[in-house]
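Same order as they appear, the protein sequences are chains X and B. Here the first sequence stands for residues 1 to 523, where the numbers follow the numbering used here. Here the second sequence stands for residues 1001 to 1168, where the numbers follow the numbering used here.
Fair warning: there could be bad hints in the mix.
[What the hints assert, rightly or not] Capping the alpha-carbon separation at 30 Å, the derived lysine-lysine pairs in DSS-like fashion look like this: (1) Lys491/X <-> Lys1131/B; (2) Lys1131/B <-> Lys341/X; (3) Lys293/X <-> Lys1056/B; (4) Lys293/X <-> Lys1131/B.
Please keep in mind that the hints were generated in silico from the structure rather than gathered at the bench.
If you want the building blocks of each chain, they are given just below.
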Amino acid sequence: MDSSEMNVDRWADDCLASLDPPSDWRPNAGQALGQLRARGQARRIGRGPLLWAAAAVAVAVGVGLLILRTPDAPILVGQVGNLRRIGNPPAAGAGTPAVHPPPPAQVARSRAPKPALQPTLAPQAATHFKESGSPTAPITVEIYLDYECPPCAAFYREMVPPLIAQYVRTGSVRLLHRDFPLPRHRYAAVAARYTNAAGRAGYYEAAVDQIFKTMAVWSRDGNIDEQLAQVLPSGVMEKVRGLVDHDPELDATVTDDVAMARRDQINRRPALVIVSKGERTVLAPIDSFDTLKTQLDQLLAAQLAWQQLSAAAGSPTTLEDFKAIDATREAWDRRASEILKALEATAGDWVADVGAGAGYYAMHLSGLVGTGGKVFAEDISDTSVVWLGRRVKLFQLPNVEVVKGAADDPKLPAASLAAVLVVNTYHHFTDHQAMAAQMLRALKPGGRLVIVDYSLRAHRTESRAEQLKRHEIDPDLVRVELGLAGFQVLKTEDPFLQRMPDVKNGGGIANADMWLMTAVRPK
Amino acid sequence: MGTDEASGDFETVFHAHYDRIARTIARVTGDPARAEELAVDVFWKLWRSPRAMGEKAGAWLYRTAVRTGLNELRHRVRRIRYERLSDAAARPPTPEEAHAAAEEQEHVRRVLASMDGRHAELLLLRGSGLKYEELASALDLNPASIGTLVSRAQQAFRKEYVKRYGQQ
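With these hints in hand, go ahead and build the complete structure from the sequences.
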């Protein structure tokens, strides 16, 4: 009985598996997104008249109610009044948003951002209290908040304190508050006015804290004043009230922030923008502090690497230079030890690092195969060959042989290697067929080829050339190419290392996931 | 405002799921080109339902995708049946139809189209590689009973298959 049930399981699974679409079919995401955008636009254009029509229908229904109801029965005065009350509000209510112009305050707010759309930031002095941390910090984190949005309060409560403790206080991050009140939140703009007034009086953080803490209370009636008065000294509170009531400049930073939000294409709150080397990367939604931490750490590591590389004038010369490069490499390829493990190299083996760069993996391979083994550290770049030579000398790696390869030939000995490693290099191969053939030739039967490279799923529908431009390549393409070259692909870990899952804009390798593929030369 | 607010997220969700959603529908309908059209419809529905966005957008998409696929499949099966009924002379199978693999796929699809929808959805999403927790989330079922439900769906599938096409 059991076995027959198990068979039904397997049999049903097999039946369902037979439905898989053809393996060479790739849904065209770009085309689909284009169609969706077109539909979205059509709908947006259509929406104006639709609202007008809805308002007209509502008016007609209201009038209709009056007409239908009136002849029904003897009309009492009270009833007529009642009917009018019922009849009128729906018409007015439905008409208001579409028919009447928005109230003056809203016009001022929605029009004001336009001039600020020029690429100018708000003047330093005016935004000063909204900033914290070192002005020379390598990264700026800007947070867009609305005081009446509960997720913003949660973000402020849970993520801002560790961000300040771990990054702002250590000088790595400069933090900037940006106000982005939602128009439909009745009191959010007023709350921003209060915090900015408190900021002028030197109590910005205390005010923001209190406003978020007591959101549930003041959002009922808009009495922010009462809540702030509980934490601000009475003299300060007086000053804040004066500013809130009379200062026409108080919303200037809000206007600038809203303009910036439009440029950043922010459309949800809270949102966070990481500014690193002039590049703005939007992070929203922000699901956990760990996500943010991962991204900040990667950017800091990349900046550090850049600084160190430029400090060494692009050329590491001392042991310390190399160690610094290796440290950033470890922060970057966080699973370096697993990459090495995938090669299954043991003492006495001959192995190769194709595209060895500064020699980080070659050095570790040197330790793995020991004095009885040998590592061929190959690169086609003259600079790399010089660096590799320096590393071999500085770290005393007698079992590492530096090889200057060619674009179509890594110049490795035939049928003698137990493993070949290709990290972040396959997408640079200009003649991948020749390279694959040569690597196959260099491996002993049963020898392993481990390839690690980058790819973001969203880019996989693009052509091979487009992907290479991004320093990425779809592992499925590589699998096919290796198969054609005569390799047997054992497995692909995809993603092997996931990076910054929430990055929306900001391009380049920093945003791409890593994959790892293991293949063998068949015996 | 609601739509504008959702649009940035929307693209993130789109890129994260489009490929698998299109494939899920293609598995049901067996027609990749049509599956892409239907996948666009599914994302369009998501675009218009701001409430479906958020953490559960993935689950919502799978549920909607498999239902859309099954609807299409049921319509097609019904249409074919009518065409057959109106077609007095039974025509011989075309070479394509005679192809065993295609026939097998068609049998599986017919059985799925005629089964209880819940069972078909479970089997199809499981076939698309969803794990038990993902299945539970997509179909709003108790994760603890997914194992039993899958097993029941498999039995029902088997029963319907045997009824139509005999012992395999």
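Right, here's what the structure says about each hint:
Taken as a hint, the Lys491/X and Lys1131/B pair is honoured in the structure, with Cα atoms around 20 Å apart against an allowance of 30 Å. Taking the CA atoms of Lys1131/B and Lys341/X, the gap is near 29 Å; set against the 30 Å cutoff, the hint holds. Taken as a hint, the Lys293/X and Lys1056/B pair is honoured in the structure, with Cα atoms around 24 Å apart against an allowance of 30 Å. For the proposed pair Lys293/X and Lys1131/B, the alpha carbon gap of about 29 Å is at most 30 Å, so the pair holds.
Violated hints: none; the structure is consistent with every hint.
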